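Asker: Okay, here's what each chain looks like letter by letter:
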Amino acid sequence: MQTPDANGNGKAGKFGDFVEENFASAYRFAFCLSLAHDRATRLVETTFHEADLLQKSDAHAAVDKTWLLEALHRKWMACHPRLATAEKSGDEISINEALISLEGIDDLECDVVLKVLHSMSPVHRLLLSLFYFEQLGYREIARIVDLPPETVLGRLARSKILLRQMLGRLGAGPRAEQKGSEVPADGLG
Amino acid sequence: MDLDNAELKALLQSFREGTPDSDDPIFQEAFAKVAGDPHLAAWWRAEQAFDAVVVEIFRTVPVPLDVKANILRDAQTVRNA
Numbered sequence: 001m002q003t004p005d006a007n008g009n010g011k012a013g014k015f016g017d018f019v020e021e022n023f024a025s026a027y028r029f030a031f032c033l034s035l036a037h038d039r040a041t042r043l044v045e046t047t048f049h050e051a052d053l054l055q056k057s058d059a060h061a062a063v064d065k066t067w068l069l070e071a072l073h074r075k076w077m078a079c080h081p082r083l084a085t086a087e088k089s090g091d092e093i094s095i096n097e098a099l100i101s102l103e104g105i106d107d108l109e110c111d112v113v114l115k116v117l118h119s120m121s122p123v124h125r126l127l128l129s130l131f132y133f134e135q136l137g138y139r140e141i142a143r144i145v146d147l148p149p150e151t152v153l154g155r156l157a158r159s160k161i162l163l164r165q166m167l168g169r170l171g172a173g174p175r176a177e178q179k180g181s182e183v184p185a186d187g188l189g
Numbered sequence: 001m002d003l004d005n006a007e008l009k010a011l012l013q014s015f016r017e018g019t020p021d022s023d024d025p026i027f028q029e030a031f032a033k034v035a036g037d038p039h040l041a042a043w044w045r046a047e048q049a050f051d052a053v054v055v056e057i058f059r060t061v062p063v064p065l066d067v068k069a070n071i072l073r074d075a076q077t078v079r080n081a
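Chains A and B, in that order, give the protein sequences. Residue numbers 1 to 189, in our numbering, belong to the letters of the first sequence in order. Residue numbers 1 to 81, in our numbering, belong to the letters of the second sequence in order.
Keep in mind that a hint or two might mislead.
Which chain B residues face chain A? A few, computed with CB under 10 angstroms, are given here [unchecked claim]:
#1 13
#2 28
#3 31
#4 34
#5 36
#6 79
Keep in mind the hints are simulated off the structure, nothing from the lab. This structure is a prediction, so every number in the text was calculated from the model and none was measured. Virtual Cβ for every residue (Gly too), placed ideally from N, Cα, C.
Construct all of the structure, not just a fragment, from the sequences and the given hints.
Answerer: Laid out in structure tokens, this is it:
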């Protein structure tokens, strides 16, 4: 095994490969959940440590990216038991405002999108981070958040609509489209 | 599957390319409907463009490499102990 360099590069066997492959993804997910780099760091460190122990105790343990995201989610929820209730109940949103135009999307800035994301409820933030950060399908997301796939389908659509509405309200990037009357009450038109 | 346009859009908004979703019959049927409707097809292209921009933005979130180094170093230390 090689010793990792100052940037964390280098191999450390099977576990090293696992860290190399999944660290950035895990960290960004943890940051999206916790909204702070120090908390994200602790979440990621403890979760990779758990993965290392699991791999050492059981060479055939299914320690993969999905396991990692599930573990991060579980640890984060354990620290925020109130959020678990909101997540299961769905934290329904009222979508009766105009959708924003997709014109000008190239002008979106990272800080603005993150600011909006961080102002959203944990339920929406969780789904959007899995969809956009991790680029997972709805069935994988359902497994990670422990919800029926059909439930995830509907909530993900609402979360994406809400994201665009909030970006529109900020007036950042996409311009607000004043077509509220054309949008069905469920906001899915 | 008999979805109206609103339901179809809600479904497609949950689609993630490059995942097993691509082989999911529910999406294949949805794509067939999109292909036959120019308005839906335009909407779908715009949705994908928006998603692509957001994915790129999310990729710019900085990742502290020293944390990764610490994780690897700690694991190595435990193995050497």
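Asker: Once the shortest beta carbon distance from residue 28 of chain B to chain A is found, is it less than 10 angstroms?
Answerer: violated (14 angstroms)
Asker: Should the hint that residue 31 of chain B touches chain A count as held when the rule is a Cβ pair under 10 angstroms?
Answerer: violated (15 angstroms)
Asker: Have a go at the residue 36 of chain B hint: is there a Cβ in chain A nearer than 10 angstroms to its own Cβ?
Answerer: violated (19 angstroms)
Asker: Are residue 34 of chain B and chain A close enough, Cβ to Cβ, to be under 10 angstroms, as the hint says?
Answerer: Because about 15 angstroms separates residue 34 of chain B from the closest Cβ in chain A, which is outside the 10 angstroms limit, the hint is violated.
Asker: How about residue 13 of chain B: closest beta carbon in chain A under 10 angstroms, or not?
Answerer: Result: holds, 4 angstroms to nearest chain A Cβ.
Asker: Is the hint on residue 79 of chain B kept, meaning its closest Cβ partner in chain A is under 10 angstroms away?
Answerer: Holds, about 7 angstroms.
Going down the numbered hints, you'll see the structure goes against 2, 3, 4 and 5, while the others check out.
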